[in-house]
Each structure stands twice: as structure tokens, then as C-alpha cells.
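Okay, so the sequence shown: first residue is 1 according to our numbering, each after it adds one.
Hints were generated in silico from the structure; no laboratory data involved.
For clarity, every value in this text was computed on a predicted model and none was experimentally measured.
C-beta atoms are modelled at their ideal positions from N, C-alpha and C, and glycine is treated no differently.
It cannot be assumed that every hint is accurate.
Simulated crosslink set (PhoX-like; lysine-lysine; CA at most 25 angstroms straight-line) [said to hold, decoys possible]:
1. Lys356 to Lys176
2. Lys105 to Lys488
3. Lys105 to Lys395
4. Lys331 to Lys300
5. Lys488 to Lys395
6. Lys105 to Lys176
7. Lys356 to Lys300
DEER-style ranges, computed between Cβ atoms [claimed, not checked]:
8. Glu430 to Val409: 22 to 28 angstroms
9. Gly313 to Leu121: 35 to 41 angstroms
10. Val481 to Val338: 30 to 36 angstroms
11. Arg341 to Glu433: 27 to 33 angstroms
12. Lys176 to Arg485: 41 to 47 angstroms
13. Arg341 to Pro321: 43 to 49 angstroms
14. Leu33 to Val309: 21 to 27 angstroms
15. Glu259 to Val309: 52 to 58 angstroms
16. Arg341 to Lys105: 38 to 44 angstroms
17. Glu433 to Leu108: 35 to 41 angstroms
18. Ala327 to Gln434: 38 to 44 angstroms
19. Glu461 to Leu147: 35 to 41 angstroms
20. Arg399 to Asp220: 55 to 61 angstroms
21. Gly315 to Asp70: 41 to 47 angstroms
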Amino acid sequence: MIGSPGDESTALRMGSTARGRVLGRPWERGLPLLVLIVDVVAVLLATFVSAQLRFGGPRRTTLPGAEVIDYSVISLALSAAWVLALTIQGSRDIRILGVGSEEYKRVLQGTLYLFGTVAILAYAAGLEVARGYVGLALPLGVLLLLLGRFLVRGWVARQRHHGRFRRRLLLVGGPKAVRHIFQTLDSEAGAGYAPVAAALPGYKTRREDYLPIPVSTDLDTVEDVVALVEVRDVEAVVITSGHSFVPGDVRRLGWELQERGVSLIMAPALVDVAGPRLHTQPLAGLPLIHLSTPRLSEGKAFAKRAFDVVASGLGLIAISPLLIAVAIAVKATDGGPVLFRQERIGLGGRPFTMLKFRSMVVDAEEIRQRLVSDGGDADVLFKMKDDPRITRVGKLIRRTSIDELPQLVNVLRGDMSLVGPRPHLPHEVEAYEQYVHRRFLVQPGITGLWQVSGRSDLPWEEAVRLDLYYVENWSILGDLVILGRTVKAVVAADGAY
């Protein structure tokens, strides 16, 4: 509830001024240690198992100068260097553990840097390391490291949902901005942040500013905020837009918090934009944040296209028996066409013909018009449960998303990508608000962020938000994560109808 300004003011004046607080709670030191242990076990298993698989027993190699060294020693040295590389890369930074893709990215970067360095040093020193050993240790180590991090992340998420392993936050800013930050952090418990108090310098509380945490308004100075930090025993202060402090105040607040071991987090008025598009340029002591255009560079576009072609080509070969079986089943249902062809809008607003296995009756479009006129879904996208147009075979292939598999041909043609916003019909695009046209900055996909976040159960506004988030923050790693989540969503039939 909103705290009484008078009572809060008294508490602040009586707050402790003790300095030198030790940074971090016990869990903030224990969690990186747990991850370190998991990493050590993973790389030791990878190196020693690789040596055993490659050689089937003890094996030695010769160093320059005719010195003989056993592969068990090489495995120990490689394991130690591997753990060191992950440490240098900051893969166990408490700020990234358990949330987002940055943790996995740093594991991959540290591993690649290590093996690149090892290759150069081995060549320069004339050390002959069996390529088969390295070829086994690298992928096995990456797999075990990522698996270990994934298991730890799942455990940490469970702890955080029970209120543990979370950093206590003080939110500072204007009412609307603070409320937005609170709602975002409160809905993402797995991120490890727990807002426990809010400060609205220069504002008076109103009923619409209600938050389920104490709110203080009579904070006019940096000293008032620092006193509140000590009273509420917070571990980080989040400053968002709408506060009344001048830049010098924020700088001085940072110094005061640093002396107390409290972090300062700046939350600018940017939403749904990830780190790769944000670039900081210091100018006369002022950190300017540049927001780059969400377009793929030539290198990234080539990598995405190459992945699409290889994956879709191999996928079509691998599932060809399934495609034949489904085609026969669809044809046997009513003798109609196997494939459903429909014009959709793709990259740059250009139309293309999208392929699907036909899951509805032949005259589905005419029936759709009657359903809409009879009071069907009036959203931009027409979706309804228990759609009478769907055939018996259609229900099965839609629930399992098998009806989408012919779109692998669209991917090979270059009309679509494996991952991207779903392509919509021309009349649906005509109903777009202008900002929704940003979906056309990237190729449409067979699956996308909103498909793995509820699919047909999501309202139109949330589906658009997720699509635009993908457009603003595309990455290869993000595509791989979405593909993995797609498998999970299909198996669970989340929101499919």
C-alpha cells in the first residue's frame, strides 16, 4: 500500500548512515560458485571422455625436444584453461546468471576463443594434438556446459519464484514509469529482481499511482534517497524516467550507493529493445545511447539464409515419409486438393503464395464469411475454437502443426524463413495500424516468438508486441531458442486450434 509521507520522512531522518556495506548477499556469492563447480565437472567429463573415446586407453604425444606427455595431463590443462576462459569472458557474472541468452552467449564465446588460442599455440610450439580428440572435446564440452547451465537455470528459476535469490530494489522515477517498471519486474520473477519500495521525487501520490509496495514522495535530495535505501535494506536502485533529479544528482547518488555496496541501474524509456541495438557514446561526460536500425547486416543476413536453406533442405529429406503419409490422408478425406495455397504478405510488403496441408473443407472461405457475419472473432486475425470448417484429419495436423510443414518449400524458395513473424493475408494487412508494418522489415517465418508464447490464445495486441520485439532484436541464437521452444509448444499443443 502507499506509505504515509510523514511517517516515511521520519524514518528517513532516523535511518542509519553506516557505510562500507559488503556487496551482495550470500546467494550472490554462492550461485557463481555453484556454476563454477558445474563448469569444472562439465569440462573434465568432456576432455577425459573424449580422450577415452578417441584412444580407448592411455595415450601420449611428443612435445618439442622429444619430451613425452600423457593425454591425461593435456586433458587437465585444457580443462583448467577452459574454466579460466569462461571466467575471463564473464560467463558467471551474477547479473546474467539465470536469465536471458547472454549467459549462453558468453559460454560459447569463451569456448571458441579458447580453442582458437590452443590451435595457434599448438601450431607455434609444434605440439601434435590429435584432431579427433579436439573434434570430440569441443562439441561435447559445449553440450555439457550448456546442459549444466540449463539445469542450474531451472533450479534458480524455481527458487526465485518462491521468493529466494532475488535482489531487493528501490524504484525511483515518475508515477507512470515506476508503475511500468514494477509491473514488468513483478511479472518476470525469474529475472531475480524484487521491487520492495518506490520513490517519486517531486510528485504527490494519487489513487491511480497505487502500487503494492511502500511509496515515498517527499524525497527532495540525494540524501533522502540514500536514507530510504538504508531503511528498506535494498541491494539496487533503479532510476527510470520522470524523476526530478538533475544529472549531477544522479552522479552523486551513484557515488553514495557505491560506498554502501548498492548497485545503480538506469532504465531509459525504451521498451522491447535488446542490447545489440544499443550503443553508448560518451560525449563531454554525457553517455549518449544510440539506437541502431533493426536491419540485418549482410553477414547476418547471409548466415540466416544459409541456415534456412540447409535446415529446410535437410528437414524436407528427413520428413519426406511423413509428408507422403499426410498427403495421402488429406486426399482420402474428401478427394480435394492436398495443398492449400494462399496469398500472404512477406518481406517489404510483397505478396507470395504460402503452402500448407489443407486442413479445412474445400469451401472454407465462403463458410468463414458466414461465421464472421454471424458474430465470429472480429479481430484482425480470424481465430475460433471448434471451427466447423476443419476436417477430422485437419484437427490432427493443426494440433501438431504438421499442416505447416510444406512451408519448408517456401523457405527454400526464399519467400519465408524458419523463424520470423507469421505472414498475414492481404485484407488483414489492410487493417494494420501503421506501426505494425514494421513486421515487414524481416522475412515472415514458419514459427515465431508469439507462436511459442501462446499461439492462438494470445490477443492481437500481444501478438503484435512479440512480433515487433523479434523484429527489433533478431539474432541467430534467438532463432535457435525459438525453434527449441517451438518443439516444446507443439508437443504440448499450447494454444493450437
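Where does the structure disagree with the numbered hints, that is, which hint numbers, in rising order? Violated: hints 1, 3, 4, 6, 7, 12, 13, 14.
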